[in-house]
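Protein sequences appear in the order of chains W and B.
Going left to right, the first sequence walks through residues -4 to 278 as this note's numbering numbers them.
Going left to right, the second sequence walks through residues 186 to 507 as this note's numbering numbers them.
Please note that the accuracy of each hint is not assured.
With a straight-line cut-off of 20 Å between C-alpha atoms, the simulated EDC-like cross-links for lysine to aspartate or glutamate are [claimed, not checked]:
#1 B/283 <-> W/92
#2 B/283 <-> W/156
#3 W/137 <-> W/108
#4 B/465 <-> B/306
#5 B/290 <-> W/92
#6 B/283 <-> B/315
#7 W/137 <-> B/214
#8 B/480 <-> B/306
#9 W/170 <-> B/223
#10 W/137 <-> B/215
Rather than coming from a laboratory, the hints here were simulated on the basis of the structure.
Predicted model only: the values in this text are computed from it and were never measured.
Here is what each chain is made of, one letter per residue.
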Amino acid sequence: MNTTPVEEVHATQNQLRKAARTVRKHALEMVHHSRLGHPGGDLSCTDILVTLYLAVMRIDPRNPTQPDRDRFIMSKGHCSAALYATLAAATILEAAELKTFMDPLSKLNGHPDRNKVAGVEANTGPLGHGLPIAAGCALAAKMQGSSWRTFVLAGDGELQEGSNWEAAMCAAQYKLDNLVLIVDRNRIQQGDFTESIINMNPLGDKWRAFGWSVVEVDGHDYGQLLHSLGSVPVAPGKPTCVIANTIKGRGVSFMENKPEWHHGVPSDRQLAAAIQELMKDEA
Amino acid sequence: MSAEAEEKAGVFDCRDTFAATLAEMAATDERICAVVNDSVGSTKLKAFSVRYPKRFVNVGIAEQNMVGASAGLANGGMIPFCCGASCFLTARSMEQVKVDLGYAKNNVKLCGMSSGMAYGELGPTHHSIEDLAWTRVIPNLMVVVPADPIETRTAMLWARDHVGPVFLRISRMPVPKILPEDFVFEPGKAIALRPGNDVALLANGILVSRALEAAGLLHAQGIEARVLNMSSMAPIDRAAVVAAAKETRGIVTIEEASVYGGLGGAVAEIVADEHPTRVKRLGVPGVFAPTGSVKFLLEHFGLTAQGIQSAALELLRTVAAG
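Extracted from the complex, chain B is given alone in its bound form (with noise of 0.2 Å):
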């Protein structure tokens, strides 16, 4: 779909938000530069190179060297947004993204674009289930999954500002605007997207609109779905799960990332040490996943509105059960 087609149809590329963000900030700041592994066209920044030629580094298909010069380029006063298909720039360099960027505090902004399933019938190698659980275990890592276009500039902006390393994660896959215009994104703050005390319903990146749209279908049925944003995974907002723990009966994760470690790992985490709830966690389970569309994917998984209430309802009736 083009980015008109997809404004017409109210569904937008995060890409798009990106790349003329990173635009906009250059503009006025000769310290951004942008770090490329021959991906010019999937993070759509071909307009971004012809505009700042001298900022602009493509290390060619390098990811190690990508990591490492981009520590570089912030040791040399810089900061740059060193993008990638999360795939390759988590799992090749994870090294770096460790030692050169998470132990050496250096200011690079890692962009993994295309992340979760985007690029679902190209299959397992190229999908990138596995970086919420390796990134957000890193110290000093801060981690942003931005749920629309208006939280990618949002969180870019800060990203911008925040003196330190940042993942984030940027998807491929449209999706509607959820925030207001004039919304701020803060790190370490869940978004409450809808009020509700019979069941959470904590969501990052494209989920959290399908969360939302799972919470109306649980309204009709008279049960009133707590919805947050929890596109900040680390540093997380503990007291918004903790709260959710307490005031509701039980929590259902939803995340295009494996169930081990991402968003659904780090919420039992918070809720064992703190306040022991029903956890339901949906992702990928444990497994790689069959050939298909993304669209394909999510629907096998129940990443679906649908599949996120039939979750919560079986929560519900798991817990009434005792």
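Same shape as in the complex, but just chain W (with noise of 0.2 Å):
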């Protein structure tokens, strides 16, 4: 079939948008299930994930641990479910484990375990884990001359987290331009808007000056994913930070930019109205 670019593109965006329906259906499905989890951040970073794993990422469902494949690092541990809905809609975890969701010996911790999911690379949930693991990768590529890519994708909040700071010099020295961050610019954290608690501007310009390569988009508009993420590196020697300005709650309306949604759990009537409003568009 002959297509052109733009029109790949295009229909990328529609499987995008679909995938990202389900992922977030689900997730919010099974943080209604185990009473716990994080459903605000889980629908702030939806389409970046759907992004990585199904247009993005080298990666084999069938053999999600092969050496080459690229690295995605979920630093947000907590924000679990949208990973696991995310492997599911990418084929590398079976989507009936989902309704598993933090039962008694599940597989699907409330953060994640490398050693009971294919396709979870690091252990995570404290934050400020991820970035030096990733960087730690992104070297390990260097070291072997293999051209495998890592991505890691963090909270806005969690950059508090002093070891970002000290992988981001690394980073920067080591000349990563193997190596991806990016930033769920949600401005919620636990417990309030982070302007309020730590204020994090101007964070392009921190990074920047830690000698990274910056780039803003808009977290849920999957061109400017695309474009960002599938033409990095943005310099050659530099690493890349995307800065994904995102909106906490995405979706659905009575969460959206609400700090109480973090880690609030949705009643009953609260899921049926969720699902009901992202699946309005579903054709």
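Two chains, two separate frames, one set of hints: put the complex together.
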């Protein structure tokens, strides 16, 4: 089939939109099922996750531990529901497993465990662990002269952890242009808006000052995500930071931009309303 | 003391063996790499960094990133030896050690250099007497405290081949060779260095040679002390500890570490579980050490051959008094 690049991107965007609806629905059902979770962040990072897994990363769903796969490190491990649902969308994880989220002895712990779930690269949950691990992955690829890339997704509040800035200096020093940090910039952390707790601004300038290339995108715009994530490194010899401006609770109007939905659990009625709103555009 | 002078005196800095062994392994295995925190000199890895510049990562003074990046290197198929002064390597990065290494089972070899009170006069900020208590409670993390250069080398070769995280506690204070040249380290196995059924001396690291010396002093008094090198702290040889509890009148534990949570703690847990007996724990007794050289501090805390001898005699008197 002959397609122009524009049509190809358009088609991909439609697939991503459809997959993201399912991931958001699954994530909310999982949080509702376990009565635990972090739905606000699940919904803010969903479009980033599906873009990575379904359109950007080189990973074989039948062999997700192949040595030369691209790595994805979910540093904001508390948004495990979105990660598991995305792994299911990418057919790396059986969709039926999602119904066991946080059940006794389930593989799907509240925070991901790489020894239990194929496709999970790091055990995260405590914040500020992902970027150092990702820097190490990128260093390994450089040492081996391999072309696989490492993507890491961190929350914006998470950047208050000092370990990120240790890794930021290291990644610039070692010219890790095979490393891409995506910041889920939803401006809300557990207790309040990030700027009310520790002001993160000017966030882009911080990363530039640390020697990184910085791109700012709308984290819910597939075109912008595909373009930015598909054209890294932005500058040879520099790691890339994609600041993805997002809305916490994206897609469910009563959850959007509300700190209480950081780890709020929807009632039966709220879940039904949320799913109805999410799926209303399903053709 | 220079390496030559030490050899002449019959003692060896295990860091020299460490550096030589790492280079030897790197020559035949491209997965071997070193990660340091600006600790090139104190880890004695200058020659390694020149010979294998691509496999030498200096993350600067940043221990959380050092351990996290090592986990990432392992994820990418490398075998990183993550080396720094034990006081900073463990305390500063404990959550990364727990989560990124122990819980995630990443194939990283943590090398805590200049452990115990090696930095003597620099003070308690630079002492690492808590590291054994902290590391041995972490599941999947193997903890090894070599007693001499021979055990340092064989433990490193084992660590390379073991798939999973290991903490190697490498001392700085020169020690004599204790083990035969062909000794091969086995995890979870206490090494019987001297038989005896009156009292048992269980030691690790630089204090094993002193425990042996103490056994010689006790022998002169007609007391036969069993000496066990407890280099494998996790897993620990429970059977050897239980046998010592059953077959002798009491156990003295000897370590360059806090008496809480390390070898003394581990032995006390085992005998409490399986065969209660009298245990005297020698080490740093729950205090920050005063100012002084490592030689002074070991004497101050009774961690000498004479100190161990006295502790054993006191233990036997206590047992005899019922």
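Handout entry: Pairwise hint evaluation, residue 156 of chain W against residue 283 of chain B, where the allowed Cα distance is 20 Å at most
Key = With Cα atoms ~17 Å apart, residue 283 of chain B and residue 156 of chain W stay inside 20 Å; holds.
Practice task
For the pair we were handed, residue 137 of chain W and residue 108 of chain W, check the Cα-Cα distance against 20 Å.
Solution key: Distance ~26 Å between residue 137 of chain W and residue 108 of chain W Cα, so the pair is violated.
Problem - residue 283 of chain B paired with residue 92 of chain W [C-alpha distance capped at 20 Å] - result: violated, 27 Å
Exercise for the section: Below or equal to 20 Å on CA atoms is what counts here, so check residue 465 of chain B against residue 306 of chain B. Expected result: This hinted pair is violated, its Cα atoms lying about 27 Å apart.
Exercise for the section: Would you check the hint for residue 170 of chain W and residue 223 of chain B, treating anything up to 20 Å between C-alpha atoms as holding? Expected result: Since the Cα atoms of residue 170 of chain W and residue 223 of chain B sit roughly 18 Å apart, the hinted pair holds (cutoff 20 Å).
Handout entry: 20 Å Cα cutoff - pair residue 283 of chain B, residue 315 of chain B
Key = holds, 15 Å
Problem - residue 137 of chain W paired with residue 214 of chain B [C-alpha distance capped at 20 Å] - result: holds, 17 Å
Problem - 20 Å Cα cutoff - pair residue 290 of chain B, residue 92 of chain W - result: Violated, at roughly 23 Å.
Practice task
Would you check the hint for residue 480 of chain B and residue 306 of chain B, treating anything up to 20 Å between C-alpha atoms as holding?
Solution key: Holds, because 10 Å separates the two Cα atoms, which is no more than 20 Å.
Handout entry: 20 Å limit on alpha-carbon distance, applied to hinted pair residue 137 of chain W and residue 215 of chain B
Key = With Cα atoms ~13 Å apart, residue 137 of chain W and residue 215 of chain B stay inside 20 Å; holds.
Of the numbered hints stated above, those contradicted by the structure are hints 1, 3, 4, 5, listed in ascending order.
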